[in-house]
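S.K.: Listed here are the chains, written in short residue letters.
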Amino acid sequence: MTSLPTHLEPKRLGLVIDLDICVGCHACAVNCKQWNSGGVAAPLTDLEPYGPDPLGVWFNRVHTFEVGEGETGRTVHFPRSCLHCAEPDCVTVCPTGASYKRVEDGIVLVDEDLCIGCKLCSWACPYGAREYDYDAGVMKKCTLCIDRIYNDTLEEASRVPACVSTCPASARHFGDLGDPGSAISTLVRERGGYDLMPELGYAPTNKYLPPRPRRTAARDVRASTELTPAVAAGGGGFLAWVDRLLSG
Amino acid sequence: MPRGTAERDPAVATNHPIADEVKFTTCYMCACRCGIKVHLKDGGIRYIEGNQNHPVNHGVLCAKGSAGIMQHSSPARLRKPLKRVGERGRGEFREIEWEEALGTAADWLGAIRARDPKQLAFFTGRAQSQALTGWGAQHFGTPNYAAHGGFCSVNMAAAGLYTIGGSFWEFGEPDWERTKYFLLFGVAEDHDSNPIKIGLGKLKGRGAKVVSINPIRTGYSAIADEWIGIRPGTDGLLVLSLIHELLRAGKIDADYLVRYTNAPWLVIDDEGAADHGLCARGTGGQPLIWDRRRERVVSGNDPEALPTLRGPRTLSDGRRAVPAFELLARRCLEPRYAPDAVAAETGISATTIKRLAAELAHVAFEEAIVLDQPWTDCHGRHHARMIGRPVAMHAMRGISAHANGFHTCRALHLLQMLLGAVDTPGSFRYEPPFPRLIPPSGKPAGPVGPNTPLLGPPLGFPQGPEDLLIDEAGKAMRIDKAFSWEAPLAAHGLLHLVIANACKGDPYPIDTLFLYMANMSWNSAMNTARTMRMLCERDAATTDYRIPRIIYSDAFYSEMVAYSDLVLPDTTYLERYDCISLLDRPISDADAAADAIRRPVVKPDRDVRPFQDVLIDLGARLKLPGFVTADGSPKYPGLYPDYIVNHERKPGIGPLAGWRGANGGQAGAGAVNPSQLERYIENQCFWRGEIPPEGRYYKFANRTYLEWSQAMGFRDHAEPVVLQLYSEVLQKFRLAARGHGRVQPPAMHRDRVAKYFDPLPYWYAPFESESAGYPLHAITQRPMAMYHSWGSQNAWLRQIHGENLLHIHRGRAEELGIADGDWVTVTSPHGRINVRAKLMDGVNRDTLWTWNAIGKRAGAWNLAPSAHETTRGFLLNHLISELLPAREGGYRYANADPVTGQAAWYDLRVKIEKAPAPPARAEPVFAALEAPPLAARPSVLRYGAKFRPPRPRA
Amino acid sequence: MHPALSVIVFTTVSGAGYGLLAWVGVWAVAGWLPADRGLAAASLALSLGAITAGLLSSTLHLGHPERSWRAFSQWRSSWLSREGVSSIATYAPALLFAVGWLGIGSTGGIWALFGAISAVGAVATVVCTAFIYQSLKPIQRWSNGWVLPNYLVLSAMTGVLWLIAIMSLFGMTDGFLALAAFLCIALAAVLKIQYWRFIDRTASRSDAGSATGLGALGRVRLFEAPHTSENYLMKEMGFRIARKHAAKLRMIALVAAFFLPLLLTLAGLLMPTALVAPFTFAAALIAILGVLIERWLFFAEAKHTVTLYYGAERA
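Residue numbers (numbering that gives the first Met the number 0), protein chains in the order written: chain B, 0 to 247; chain C, 0 to 953; chain G, 0 to 314.
Since the hints were made in silico from the structure, they are not lab data.
Don't take every hint at face value.
Residues from chain B shown here face chain C by an in silico Cβ test under 7 angstroms; the list is partial [as the list claims (entries may be wrong)]:
no.	residue
1	Val39
2	Gly50
3	Glu68
4	Thr71
5	Asp134
6	Pro228
Built from N, CA and C at the ideal position, the CB exists for glycine as well.
Could you build all of it, start to finish, from the sequences and the hints given here?
M.R.: See the structure below:
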């Protein structure tokens, strides 16, 4: 059903990505690929994997950008995956109903049995969240690990998306962004989490936390800008001050 | 947005059981040794994740670990033992059975052992089982053994072990919970990978300041609060300048220095004397200090004394002596280390250097932290609290891989000591079994004779010239010349010089080169082209190869396999037992000792055997002592798992520390427990033994810690470790060069030894700086999704890094007329490459760089011949020589640190210009290798399809 | 956007087919359509053949053509679904119209009604096709008010040129049709030029700064893509064409789609009947070629916001 549900449950599950902490290690991207290789969208086909132009289906990709120039320039690592938008055009453009947004929790999914592989949904997604599996002839995308988050056969601590549990720097968070009191919503408020390309009106659920300002001034750590030379009262020669530093 | 009536969500398989079996083991996609949980279904590997309970990674897993499935199922995997047919270096083999392979190896090695054991050069590359392999070499009787540290980061390890009795690597860690200021020097992706990521996440969350000093702004440097794009090889200058500022301002922890370091020791000032520059000693050999209270010279071990840090003082024999601290201060306060003086060379402004020093001083002293944790020091004094200087540091290859790396790292440790920031709350913390004695006990052992073991382990820590492995004429006894006058403190050996030395027959030729996991004919070679030629060079007279026999063990068809005569295929980490031992490189953290095992998770589907099993099997066939019982039968018939459990290096001390004793109730030291492996497996393959809380800081002088670690078997006595700000060991070598002592260097080496064996650190320009006309530096970094050459055979990881580019500062490139994507020619004094350029902002203006080890040779790794790793990927190795230019007299020293022999990879100097005609592919091009029988490369990979859950009924 | 040949051919050829169908329908209602069965056969074969070939081609390029019937279900939300419904639905009146015109030889009465309905269906289908593109927000160069009129008028233009060509085969001329052709060509040319001016001058709504949210920190430039190999996104949406190259192709398109067909149609008017056909066919063929180039450019010059993550600073 590609019309959006008229009435969604308040629960809006999604991710928050902390660009201040992401070290660009690709752990999330590869672990996601690994998990989903055997998950509900299995396999994530790789074409010519050992050739000159390997082409694989991935749900999560990690970019690195340089932002600004000169003294204030910085490098920022940027993971990109489906944002499970509130107003997802990828759902409404689908002609067969394969692309849909869940009522229960807002997760956007592809029902592969209905997908005809027209690729229009991927054109409608501004973020490149969907990748076509040329071998299977259907579209695949982040499932928000729907086969993990409700999975009673896993330990409770594992019932989060694979990218979240594997991130070594704890730069990824999962939770209910529809609940203003949830830890993840609080995090977004405290850190000024934002939408990507808000001007397009997709109302993404996932939020990004901006890099914190750099701290390259002495006052940022409450230090002075330089040290003043030690002077021994009454002279005393080289290193005269040092014995007075010693206790006893 | 069209909205319809709410329908029921289609059914999705949210509760599908993903495994019918779960096994824990230890990852080996890099040297971090994270704990992993492997989900198995229908006999296949469904999913590998981090083990939440594991002390190293606490449930996280990096890109490499997450791609283990593709490593395990790579078509590059060897399948069966191989014997070379045809010319060496072509890659033409025939498959043989293990019996033939082991029989051949035993014949070759047995003949060598009976004739001249040092003719076997046995070098393991990235193996993590040095306790076994080194012991094997020892019993075989060859000193020609090491792992890869000599070309990795021995400068870091040696400088640390000779200064503070510990080191960075994974032997120590920052106090992640408490530090307020963290400096990274020269760190890209390195050992201790996930702990650093976890730690950085915590620091950023707590608001600690992170400063990354690295010529390149990628990886961790992206999230640093401050990035300092230093010129490669000048970190020592920066550190000494920071010390200069701190000394000038009197911002040092003087109490810490007098209590825990040899700063107050009186250094004899008697130019020309045989003990000039050594520490004055009392009749019992104890170091002497000046007591401010009693105003005389007393023993440094006297807890009632109030030492002074400044002199001069007069000794009982009337000679002048000065506290080591004053010598250090005089050196570091020299104008050449002032911020203004070092700014140009380092590329860091004097303002920034002064500010950094002020920040360090502020955080260390004004923001000192206090733990309400009582502790008792080695003199029995009780302290109510622990004072911490919350400045932590970590450094790795960016510091180490330079000809000045040893002294640079010593300077770093000096900075830490001056701030009181070694093993105090908030600073750098040792992980058991460190700190060790300085230096650790154990001198390297030289060859004895046919069929005779060495008298001790082949690697060790010389404490003076008398410990060098040299003959009467001062010539090296080892094939790599480690522990000779050319590399006296070569604690990790010098694998990168073995092939060249063997070919030249200098110091002597060898019979067999036996390598494990060391890609010496490619990305681990300096001077790749010549190394490949040397491996195939024949002696004109005998027509034999100059290195007659090469045995190689590896799991994958790497470039080195093609140069081997006998190939012993290894398993992957998912198919074997392994032991991550306190005798090797354990997984301890600052609060606990820890070790771990690997256990087979799946059975091999091909005729491969774990290398350690093979080694033990060979040891038994050769009847090496230690490998056979008194009647000559194998001592460890169960091979590696048998050895792990039953071997005792010393009574009660075995490879694993956990669950020792007949009932498994002892930790550290204890009798053999036959069920030890089972206990480990029950405990998710690791053991962790916590240090009592009062023993967790000031470990070098903490009675609780010292006694605990003695009980654990890490040390023989509970003596404190005095940090060596001033290194008498280095001074002894200098004295020998100046004509003192029984063992002195040959005339040609005197000046060099005298110059570089300075008891205090200093900075000198890397040797290749002397190459005029090559104005730019060229270095590499390790990418986070690869581990050395491993990764290109991995279907997932190679999509991330399938080729590499040469990165250039945008402004510098514009000056040179180079645009993004242009082909450029990079030339060094030794070679030339043609590669594609990429412009960026975040890099030192005078530095070019690329990702390490991406370039591969055509035909290797079972990649398609047109793989981009071959046509567009490249190595900087092609530009590097293992030798420096000839000196007067024609002698060529190694391109290495003169103290440790560490390969000076990052000293490389180059020039660059836009390529006049863009080549069709990256150059140089090497002939494609043939391949032995390997699995076919699939053109479509649908891994995991069989695990897909069925669609649930609506 | 990757200019996929199958999509370009589909929209161009079936666009012409729908245009032709619409014109014969409208002409039938006006009473100006010759009740010639030969003309009927040729026109209907060409229009329905083109439409069918286009639909088959795009269906066979699907990942799962065997499920393509599912594409009729989401017309409430999806323009692609609506296009499917409309295109299939239009066969009904078209075939009924064919029964009259071709079967019986009649274009009046009820047959004219069917003609009218199929004309409406033809236009509706082209409108749906245009909206598929116009409704895609990530592609600013498609998501604007110029796309629909361009698709409609180009469809009308190619349709009328084909009708004129076929009629000339049967020795028929129609002054009003020729006038309609001139008007369509002129209008199409103006609309096309305006479209190009619009995309050249309109500032990007999104840039690398808004795509990453890092714009406030300074200029955002890609340092390293997530993969050195290709992926689906860059194959499908990463196509780039140099300004100079596009400018050349635009010129060629203008000449081939508008200028030459105009001249050839004019020439055809001035020729004696026996010599008209070569000119009108040339006009129709060259127009199709020109529209193929125009359509190729429509894709090639389209920038998708996903490229903002892969090195484009504007899209």
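S.K.: Which earlier hints can't be squared with this structure?
M.R.: 4
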